[in-house]
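Novice: Kindly produce the complete structure, drawing on both the sequences and the hints.
Protein chains: 4
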Amino acid sequence: MTEVPQPIAELYRDLHRHPELAFQETRTAGIAADRLRAAGYDVLEGIGRTGVVGVLRNGDGKTVLLRADMDALPVEEDTGLDYASTVDGLMHACGHDVHVASLIGAADRLAQTRNEWAGTLIALFQPAEESGGGAQAMLEDGLYEKVPVPDVVLGQHVGPAPAGAVGAHPGPAFAGANSIDITVYGRGGHGSRPETTIDPIVLAAAIVLRLQTIVAREVAPQETAVVTVGRIVAGTKNNIIPDTATLGLSVRAFTEDVRVRIIDAIERIVSAEAAASGAPEPRIHYAESFPVLVNDVRGAERTNDAFRAAFGGASVLDPGEVSGSEDVGLLAIAAGAPLVYWILGGADTPSYLAAAAAGTLDRDVPSNHSPHFAPVIEPTLTRGIEALVTAARTWLSRDRERSIQG
Amino acid sequence: MTEVPQPIAELYRDLHRHPELAFQETRTAGIAADRLRAAGYDVLEGIGRTGVVGVLRNGDGKTVLLRADMDALPVEEDTGLDYASTVDGLMHACGHDVHVASLIGAADRLAQTRNEWAGTLIALFQPAEESGGGAQAMLEDGLYEKVPVPDVVLGQHVGPAPAGAVGAHPGPAFAGANSIDITVYGRGGHGSRPETTIDPIVLAAAIVLRLQTIVAREVAPQETAVVTVGRIVAGTKNNIIPDTATLGLSVRAFTEDVRVRIIDAIERIVSAEAAASGAPEPRIHYAESFPVLVNDVRGAERTNDAFRAAFGGASVLDPGEVSGSEDVGLLAIAAGAPLVYWILGGADTPSYLAAAAAGTLDRDVPSNHSPHFAPVIEPTLTRGIEALVTAARTWLSRDRERSIQG
Amino acid sequence: MTEVPQPIAELYRDLHRHPELAFQETRTAGIAADRLRAAGYDVLEGIGRTGVVGVLRNGDGKTVLLRADMDALPVEEDTGLDYASTVDGLMHACGHDVHVASLIGAADRLAQTRNEWAGTLIALFQPAEESGGGAQAMLEDGLYEKVPVPDVVLGQHVGPAPAGAVGAHPGPAFAGANSIDITVYGRGGHGSRPETTIDPIVLAAAIVLRLQTIVAREVAPQETAVVTVGRIVAGTKNNIIPDTATLGLSVRAFTEDVRVRIIDAIERIVSAEAAASGAPEPRIHYAESFPVLVNDVRGAERTNDAFRAAFGGASVLDPGEVSGSEDVGLLAIAAGAPLVYWILGGADTPSYLAAAAAGTLDRDVPSNHSPHFAPVIEPTLTRGIEALVTAARTWLSRDRERSIQG
Amino acid sequence: MTEVPQPIAELYRDLHRHPELAFQETRTAGIAADRLRAAGYDVLEGIGRTGVVGVLRNGDGKTVLLRADMDALPVEEDTGLDYASTVDGLMHACGHDVHVASLIGAADRLAQTRNEWAGTLIALFQPAEESGGGAQAMLEDGLYEKVPVPDVVLGQHVGPAPAGAVGAHPGPAFAGANSIDITVYGRGGHGSRPETTIDPIVLAAAIVLRLQTIVAREVAPQETAVVTVGRIVAGTKNNIIPDTATLGLSVRAFTEDVRVRIIDAIERIVSAEAAASGAPEPRIHYAESFPVLVNDVRGAERTNDAFRAAFGGASVLDPGEVSGSEDVGLLAIAAGAPLVYWILGGADTPSYLAAAAAGTLDRDVPSNHSPHFAPVIEPTLTRGIEALVTAARTWLSRDRERSIQG
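Residue numbers (full-length UniProt numbering), protein chains in the order written: chain A, 1 to 406; chain B, 1 to 406; chain C, 1 to 406; chain D, 1 to 406.
Hint data in this document are derived by calculation from the structure and do not stem from the laboratory.
Predicted model, so just to flag it, every value in this text is computed and none were measured.
The beta-carbon is built from N, C-alpha and C at its ideal position, and this holds for glycine as well.
Errors might be hidden in some of the hints.
Said to hold, decoys possible - Label-pair restraints from in silico Cβ distances:
| id | chain 1 | residue 1 | chain 2 | residue 2 | range |
| --- | --- | --- | --- | --- | --- |
| 1 | A | T349 | B | D264 | 34 to 40 Å |
| 2 | A | P7 | B | A287 | 50 to 56 Å |
| 3 | A | D318 | C | A358 | 31 to 37 Å |
| 4 | A | G320 | C | G313 | 28 to 34 Å |
| 5 | D | T113 | C | P280 | 47 to 53 Å |
Unchecked claim - Below are the DMTMM-like pairs computed for lysine to aspartate or glutamate, each with C-alpha atoms no more than 20 Å apart in a straight line:
| id | chain 1 | residue 1 | chain 2 | residue 2 |
| --- | --- | --- | --- | --- |
| 6 | C | K237 | D | D78 |
| 7 | A | K237 | B | D78 |
| 8 | B | K237 | A | D181 |
Specialist: Below you can see the structure in the form of structure tokens.
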């Protein structure tokens, strides 16, 4: 018997209307805590500032941690949805509301069906995934002293695949990432007297263009690497040359070698371009860091097998290496447990297939972080709940031996 | 007998402590109005929003308009002065406080000495010079229906010349200027998936570098031209590729031909660079426009002669063409009157001479709009008052015929 | 019994001393033809201008084509070898001399051991691989009307892997490539009057930097793509701004989608950058094109198995996708036959391992096309001969049925 | 009586058909020497390799040196003239053939009219003006030990002003110039493996774009400065990343301060951009240097007065500062004599006026060094001869005292 999804859909719309920034997810956390308590979980709140964990002990067996992240993004929503964000400049543009709603639904379902499985279930609602500090904050706040150390960490990320599709990529699956803030120091002055200044905007522009050569020329073509400048800010008035400019970079790689090579090249280029301008040494600040997310190979295959059995083979895809990043891996590494983290499709399937046929996927199917990102509610939510339940049950067999042998 | 400058110096420090942005100069305007009234002027307030005009009718003769501008800049002061700005992020970095204090001092002096001259004196305190709308706003508000149309417009700008020096450059003296706001439209997305986006930051950087070729390659080396990008803003988060980027440009030229050539080149480059990115046509907004400031040749020479007679030849310099811009010319053009606008030195003379000898003027003498711009109070203020009085008296002779023949 | 390699080593040194450009390989072709004839082959010369083919009919069985390419590169050798190139500005910098010497050795060996195998052997010496026209020229000259159509096409490329190592990558193995010549049209003039010109060198530089964004921003990070500007030429004198500039591009991709996306982006950028300069539309000439080289999956695995059996597993590696390109695939496509093309290591093994341990492979082990590229003669040549013989014998079993079933 | 210009026009066409590069002007020099001898001059040949000097002593008086330069340029002519260059890749694109023909004509005229003046006339035909070594070479070869030291040096340059117009700019008139050759060192390799290389073409492109910021941002807008990259060469094949790239720069300025500032900026940028690429320090070679050409102020005014008297005021213009460079000044400096060097218009006047009215001068009137540069033969040559004669006669009065007082 499948639970009626209506209430979860309503919950989802409500979450979508009320996005909250990293470490400020108090409303979302409160909802999650209430629901977990209502479903019979022991609930801990305020772990890592706004994190919430529910524990359901259900006899001997494995301990499975299901994780959802809660934070939204500083993006101005432009979806035209009737349940669009009500907060100016904030949006669930990365789909964490799907993660939260799915995990609440799955936690309910698993609680209701507890006679069918055995073990311990941990439902974890993490803050601040986007800014990369949430998982670490929960660990530093003593997470694994407060709840059992899991035998496996499971989770999912909604993305621009057809709604209903799921799948985990074995091995390195999400990129390692660094967030880097750079401030270059020129010398300001009147816009009409550039010769008395060192123009930090020209310097910043030269850096942006030179950074393009890292991926284009310095990383082997076979390697996966990204250097994005997502933020540039300088000046207040057209006719004043400012003193400084700031650049916000995001770096991705799937191996430590490539990551180091990129970082070295950024430092070399930024420093040298400042020298080319006759400017002082810039300041490079390493703001956040995500490790490479590595799915356990056997665990991923086992999960994909379970998905195939539950949803049919046509619904299971291998998303390959995803250039996005995730800090869920920290929860597994700290536990010494395998990680299985899969992709959950959220795109309207007919539109997706039409765009795929036309070769216009990138144009017509909005991806995460876009102001147009809008997963279809169904079958996305139902499949998101089912995937969490199915994956969890793979480890939570009442016959423990059988589950180990997979 | 020279008036004791102490009260004016105090007034100056007070103005410097309380900078106000364009069209918000209510405190400054109030002070000016009070002082004019106290000195016996008929005062009109709120012309062009915050503009103030005082009229002193003193018998038959020429009508002379003395002009000071009042607005400050969004610059964070970094002078270390004990009378530094008390307003975060605002500063009299262009020295308009010197202009205001000098004109108040000169208006006083001329009122006190009215038995020595004849004619009509207009002391005009203009808002919003920096943003280029103040003079136009006063004219559109009916300035010359409310006060007599002047026979000459006089004014001064403090700058990084030795304090005590003054001088007007005959002919084109300050550049024509355009302030241009450009918005480029990319397509945003996740920082890890650049291939799904059109990166507006890379586009903006390419535009900034390409714009350098206008002055370097498209304008004749003998011409005076400036294309400054004083402002660039895009993005909110390092790992989100934004949808748009905005650039704020300031353009200067001394002839209409060159100005048109530059504008054409900007439009050509901005449009083509967007095409190179596969981006839509950018939006180019012409925010403000200053005409070339042209000093009346005979009037400038006559004023310089009067300065030489009053202050000695060593104090009078020809500043040459200044690449900054000014909207004072609009007040003269609208009146059909000649304009004489001179430079007033404000730099500490020993420091200036040492820097000049070392060839480090650009480095060691802060120029207008710098957070370090700090005219020495004396002899700057005394000379600023004297220059206004001397120039005005050149037109306000009691013997009208003699003054006409100069 | 293994043939003494000395004569082949001498032959190799002789070939290395006498590099010949594409379609000018008359000396090399003559040597190959003489050797083939001496070994008992029927020899055809002048196929595709300078191509040579030897056919050895040895009873019923498969027809196997072994291919070597002959042309050298316009590179000034800087190896310091005592057998370095004697031709100014020309060098066997891509190791085709290794291919030729190995194929001569293998043809000899297979002729000497003809009692051990059955079938037909074709030894093909192809011109002009580097310029991409050689295989096509031989086909257009009626190759497969003059010699039997092969059942399999085999060949090898020496590269910076440890000498002695071999291995074929199943599936797409070498990139598809385009060679593109671009001419931009400015307007020349005196170097001191840039405003009268359209500077084609500034335009070319802007194109070079903008092209970097294709790989960095427009191709998915997971895809393999290269856009190299290998040649730029403009101007004759420092103080003359020239009329034109020419750029020579080389493009690589492993899928047609990516190749088309890159070509589209190049056309878009080149055209728009010309527009940004106010220059006429540039000329884009597609000079050469290599398809993606796709190794037959079963054939590659079978060949690798044979290598493992013959040389030990430690000598067989999977080189992965190679971003270089090869036109050998055309010979297989035209024959409707599977292709197996493997990498042959040529680097001094101790040096290679030391560099690998130090992470300085790119710096310390010269790659193909470098003026320092210098394969060690042994064991490279011996292994090159053995690999060709081993692979050929896999198809040329006397027991035909067994060989078919692999 | 004015000499019939036909023979000089024929001579001009012949010179135009036979351009010769710097220091190779043997045919031109031979013609000049023959003509001077025929006119009665004492002739010295081979001064500074290919230089020719004729001396005509005509009683007491001033010594006047008239100078023409002889060398052509490596430009492929594209004028369509029936007397176009017959030498591939060479052209009198700077009009030195006009200078030579005019001086031959003037030397004839002055010899024929020697009864009308007194003094010593030196007709000097200089090699290698374009490459900047010719004047220096003649001086180092003992010019002023072989001929009298002149009291004044006179000369002219044809340019895109209306034919018939002449005029000398008093004071700094032609820019000082440096010719600079830069070699950047990357690390070559295969075009498909950029990560193993340091790409010198990307580096060179980054330098070219960064150099644009010198004139755009580092030199005061009021100053005259040029940084031209007239030459860029790298690579031989599209798919080989070369080891090096070379850039040829030409720099102009009217003051030593600006020249030094530019040179410093070039060195800073080139060095830093190499560092940004991780490349070794580039090599910067200062190939040639021209000083600022300074016309004697009184001499220029006197010459312009004589032109006005001879040709009418409408034919005399002030060309202003010319951003081109000339080494004629060295001949005056070495003699301690004043220099007067004027512009001679060569453009078809109706076409010039139409283009001026349309604002398309830069587009429609080819300037020096353009492959389309084609002065109209008349009135250019007649005016060129007359101008030399008129200017020379200003100093060569029979009444010496009067001529001194001008």
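Novice: State for each hint whether it applies.
Specialist: Going down the list of hints, with the structure as the test:
Roughly 50 Å separates the CB atoms of T349 of chain A and D264 of chain B, a value that falls outside the hinted 34 to 40 Å. As the Cβ distance of P7 of chain A to A287 of chain B is approximately 52 Å, the hint placing it in 50 to 56 Å holds. Between D318 of chain A and A358 of chain C the C-beta distance comes to about 36 Å, which sits within the given range of 31 to 37 Å. For G320 of chain A paired with G313 of chain C, a C-beta distance near 29 Å keeps the hint of 28 to 34 Å intact.
Between T113 of chain D and P280 of chain C, the C-beta spacing of about 52 Å keeps the proposed range 47 to 53 Å intact. The hinted pair formed by K237 of chain C and D78 of chain D meets the criterion: a straight-line CA distance of about 17 Å does not exceed 20 Å. With a C-alpha separation of about 17 Å, the suggested pair K237 of chain A and D78 of chain B falls inside the 20 Å cut-off, and the hint holds. With a CA separation close to 10 Å, the supplied pair K237 of chain B and D181 of chain A stays within the 20 Å bound.
Checked against the numbered hints above, the structure violates only hint 1.
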